[in-house]
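Start from the sequences and build out the full structure, keeping to the hints where you can.
Residue numbers (the working numbering), protein chains in the order written: chain A, 1 to 113; chain B, 1 to 111.
A hint or two may mislead.
Partial pick of chain B residues on the chain A-facing surface, computed with a CB cut under 7 angstroms [what the hints assert, rightly or not]:
1. Cys12
2. Ala13
3. His40
4. Gly43
5. Pro44
6. Phe101
Hints are computed from structural coordinates only; laboratory data are not their basis. From a predicted model like this one, the values you see are computed outputs, not experimental measurements. In this text, a Cβ means the ideal position worked out from N, Cα and C, and glycines have one as well.
Each chain, written out:
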Amino acid sequence: NAGVTQTPKFRILKIGQSMTLQCTQDMNHNYMYWYRQDPGMGLKLIYYSVGAGITDKGEVPNGYNVSRSTTEDFPLRLELAAPSQTSVYFCASSYSPESYGYTFGSGTRLTVV
Amino acid sequence: DAKTTQPPSMDCAEGRAANLPCNHSTISGNEYVYWYRQIHSQGPQYIIHGLKNNETNEMASLIITEDRKSSTLILPHATLRDTAVYYCIVRLTGSARQLTFGSGTQLTVLP
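Right, dumping it as structure tokens:
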């Protein structure tokens, strides 16, 4: 049971480049989330999804896009990378937000130069 | 969701109980208290959660005061591997939108 898998683990982007951060879970969780964590700070919610085909904005969605075509996958897209998007990105999933905790991936460390 | 207040840092001797406090004085009746921890550079790890009653699992115990305005996470026998940032989060029932992480408490377990 792999849990939540994120790829890549590290990436350096140049300003204006685009990339997709991959997230997949094998627990059949309906709920999935993307967070970012800046150095020394708590996590901030970017986007979330309550099921395949349904996504919604979190606290800091600007500069990002998501899609949820399957239950397992929830990719995060950066279209025009900016230095302000340098951060560690965590994907998480949950069976039920109320009754269960979230399972987090190990993160993607992104640097935009 | 209600705001939480935690001390920025705490130390604990290895083998002793670590008691991490959290104040959530504006909590409402249908908000749960969650605890997560984040070991350096890793993704947060769920520890425990509760609504009204005290809870215990294999990792920790959660003590919630009768008025629900504060809670304490107890690690009964802290080890060096418990050194981490611990987050206390209050979250509204039925809300898929937010699990809001504040700055947490840096717990350092000392040998």
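These are the hints, each one checked on the structure:
no.	hint	result
1	Cys12	violated (22 angstroms)
2	Ala13	violated (26 angstroms)
3	His40	violated (11 angstroms)
4	Gly43	holds (3 angstroms)
5	Pro44	holds (5 angstroms)
6	Phe101	holds (4 angstroms)
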